[in-house]
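Q: Here is how the chains run, residue by residue.
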Amino acid sequence: MIPMKLPTKIDYKKELEAASKTMIMIHDPKTLMRLIVRMIVSKVKVKHAGMILYDAQRDTYIVRISRGERGLKIPAGYARLDHKSSLIRVFSRKEYKSLSFRQNALVLDDLNKMIWQESVLNGVNNGIGELLHLAKEEMQMFSAIACVPAYCQDTLLAILLLGEKMDGEHFDQDELDFFSALASDVAMAIKNAQLFTDLKKEAERNRDLFLRTTTVLASTIEAKDRYTRGHTERVTDYALAIARQMAANGSLTFPNNFFENLYLAGLLHDIGKIAVPESILGKPGKLTEEEIKIMREHTLRGVEILKPLAELEESLKGVKYHHERYDGKGYPDGLKGDEIPIMAAIIAAADTLDAMTSDRPYRKSMDKNYAIEEIKRNSGTQFHPVVVQALVELFERGEI
Amino acid sequence: MPKLLIVDDEIDVCDFAKHFFTKRNIEVSVASGGREALNIIETQKPDLVLLDIRMEEMTGMEVLRQLRAQNNNVKVIMVTGVEDEGTLKESQSLGVKGYIHKPLVLEELEKIVMGELLEK
Numbered sequence: 000m001i002p003m004k005l006p007t008k009i010d011y012k013k014e015l016e017a018a019s020k021t022m023i024m025i026h027d028p029k030t031l032m033r034l035i036v037r038m039i040v041s042k043v044k045v046k047h048a049g050m051i052l053y054d055a056q057r058d059t060y061i062v063r064i065s066r067g068e069r070g071l072k073i074p075a076g077y078a079r080l081d082h083k084s085s086l087i088r089v090f091s092r093k094e095y096k097s098l099s100f101r102q103n104a105l106v107l108d109d110l111n112k113m114i115w116q117e118s119v120l121n122g123v124n125n126g127i128g129e130l131l132h133l134a135k136e137e138m139q140m141f142s143a144i145a146c147v148p149a150y151c152q153d154t155l156l157a158i159l160l161l162g163e164k165m166d167g168e169h170f171d172q173d174e175l176d177f178f179s180a181l182a183s184d185v186a187m188a189i190k191n192a193q194l195f196t197d198l199k200k201e202a203e204r205n206r207d208l209f210l211r212t213t214t215v216l217a218s219t220i221e222a223k224d225r226y227t228r229g230h231t232e233r234v235t236d237y238a239l240a241i242a243r244q245m246a247a248n249g250s251l252t253f254p255n256n257f258f259e260n261l262y263l264a265g266l267l268h269d270i271g272k273i274a275v276p277e278s279i280l281g282k283p284g285k286l287t288e289e290e291i292k293i294m295r296e297h298t299l300r301g302v303e304i305l306k307p308l309a310e311l312e313e314s315l316k317g318v319k320y321h322h323e324r325y326d327g328k329g330y331p332d333g334l335k336g337d338e339i340p341i342m343a344a345i346i347a348a349a350d351t352l353d354a355m356t357s358d359r360p361y362r363k364s365m366d367k368n369y370a371i372e373e374i375k376r377n378s379g380t381q382f383h384p385v386v387v388q389a390l391v392e393l394f395e396r397g398e399i
Numbered sequence: 000m001p002k003l004l005i006v007d008d009e010i011d012v013c014d015f016a017k018h019f020f021t022k023r024n025i026e027v028s029v030a031s032g033g034r035e036a037l038n039i040i041e042t043q044k045p046d047l048v049l050l051d052i053r054m055e056e057m058t059g060m061e062v063l064r065q066l067r068a069q070n071n072n073v074k075v076i077m078v079t080g081v082e083d084e085g086t087l088k089e090s091q092s093l094g095v096k097g098y099i100h101k102p103l104v105l106e107e108l109e110k111i112v113m114g115e116l117l118e119k
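So the protein lines, in turn, are chains A and B. Taken in order, the first sequence gives residues 0 to 399; the numbers are from numbering that gives the first Met the number 0. Taken in order, the second sequence gives residues 0 to 119; the numbers are from numbering that gives the first Met the number 0.
Treat the hints with caution; some may be incorrect.
Pairs of lysine-lysine, DSSO-like flavour, derived with a Cα cap of 30 Å [what the hints assert, rightly or not]:
1) B:K101 x A:K190
2) B:K101 x A:K164
3) B:K22 x A:K42
4) A:K42 x B:K17
5) B:K22 x A:K135
6) B:K17 x A:K135
7) A:K83 x B:K101
8) B:K17 x A:K83
Residues of chain B placed beyond 10 Å of chain A at every Cβ, according to the derived structure [said to hold, decoys possible]:
9) G32
10) R34
11) E35
12) L37
13) I39
14) Q43
15) D46
16) T58
17) R67
18) N70
19) N71
20) D83
21) M113
22) E118
Treat the hints as calculated values from the structure; they're not laboratory data. Built from N, CA and C at the ideal position, the CB exists for glycine as well.
Input sequences plus hints: build the corresponding full structure.
A: So, in structure tokens, the structure goes:
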């Protein structure tokens, strides 16, 4: 006799296989879960199906999704299983695999046989028999005839709940194997998503620590040279404001991470001064030629100090060249015009503005108006014209 | 047959709970809002009301207040999410038979509801 059902069974299995191939693309556990459950209900034609997921925050197992007939499907987030639940206890036991007739699912039909088997092997009042009995009752509460657990490294992460088939047939081993694979996919997606979140958090923490350490490092120079106190912060603020204005003007398109690198360069532009003797840094009178030479080395000293840090590679341009001049008469390399990295040109203007408007050992601070006029006068010679334009705009709007 | 009224503005919850308790030989009616609930309580006089606190149109607390204000002492079990102390205290003073927190354990839901319904 040719079983009439065979062709349709093969058909829907092909469909399932095709569907699961596309599912490999989906990383979001919630989406994956939703698709799987929907697929099971429509293709395998069960009255309802759902998934229970472990919730780490609440340390409990919650029914996250359920599809199927009204009254049978469980509203999302409505029901949970805690660690005392018999199903959870059964699935959490290491010996579970040997308990079940199937390798990968707990099927209601089998449970009676399993309970009987336990009572034969271990006596009527054995704990496991009792546990299986309670698990059976729990499954019936969910109107489930099969439960498929999914683990990740021995931790139970998910359970696929299956209601009875529309045609009342049993699940065959092929189908249970398939469900088991799908449930594992979800467990893996959950684990991966968790790992990804953890990694991101870790990366953010690292970045945060790096920025804070840099700020601490920058403050060492202020401890040494009191005239620098606050200078670094102000220069950085001015530099960022100028850069924002330039971006708003559309005068330049900045590469990725420019602002963060500028921020770091601003914080660290004078770090090289740590190598300059206090006698020179704090000298009230005019510097000798020798002293000027030592002072000017602070740009290169800064680069030496920061070189080991790969994260600062871009920012080093701002540190090394913040004393270059647009007309090529600056130091250390005498770069001219657009040879000067724009980051350095911005810091140069910001640095000068703050130097002029704060007290120094050799002169009192100047009026801001005057300082801006000076900078304007030196546009194209000492300073990059576009940078000056942005600075002037900020000043005129009262933002600097 | 004992009569149970389920009040919840989520239709899936009403469907599920109705199916759940009907299987246990309880006569179940459902209401998706406060006004509907008050109507049914007046006309059908259920033995127990399973009342969700968080509803859009009229909260479970408002339903409870109105019931008690009308001197209706129907047995109520409140279904809560995470409520503040004030709400819980108030409901206690208005008289409820118990609480169940979402997400709930089905076994506990069964126990508490059947317990109240089958109490002579």
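Q: Each hint: holds or not?
A: Hint check:
1. B:K101 x A:K190: Holds, at roughly 25 Å.
2. B:K101 x A:K164: This hinted pair holds, its Cα atoms lying about 29 Å apart.
3. B:K22 x A:K42: It holds: about 28 Å lies between the C-alpha atoms, which stays within 30 Å.
4. A:K42 x B:K17: Holds. K42 of chain A to K17 of chain B sits at ~27 Å (cutoff 30 Å).
5. B:K22 x A:K135: holds, 16 Å
6. B:K17 x A:K135: Judged against 30 Å, a Cα distance of about 22 Å means the pair holds.
7. A:K83 x B:K101: holds, 17 Å
8. B:K17 x A:K83: holds, 26 Å
9. G32: holds, 17 Å
10. R34: Check passes; 22 Å lies beyond 10 Å.
11. E35: holds, 18 Å
12. L37: Non-interface label stands for L37 of chain B: nearest chain A Cβ at 23 Å, farther than 10 Å.
13. I39: Holds: least Cβ distance 19 Å, greater than 10 Å.
14. Q43: holds, 20 Å
15. D46: Nearest chain A Cβ is 21 Å from D46 of chain B, so the label holds.
16. T58: At roughly 18 Å from the nearest Cβ of chain A, T58 of chain B sits farther out than 10 Å, so the non-interface label holds.
17. R67: holds, 27 Å
18. N70: holds, 33 Å
19. N71: Its Cβ never comes within 10 Å of chain A, the nearest being 27 Å, so this holds.
20. D83: holds, 19 Å
21. M113: Holds: least Cβ distance 12 Å, greater than 10 Å.
22. E118: holds, 21 Å
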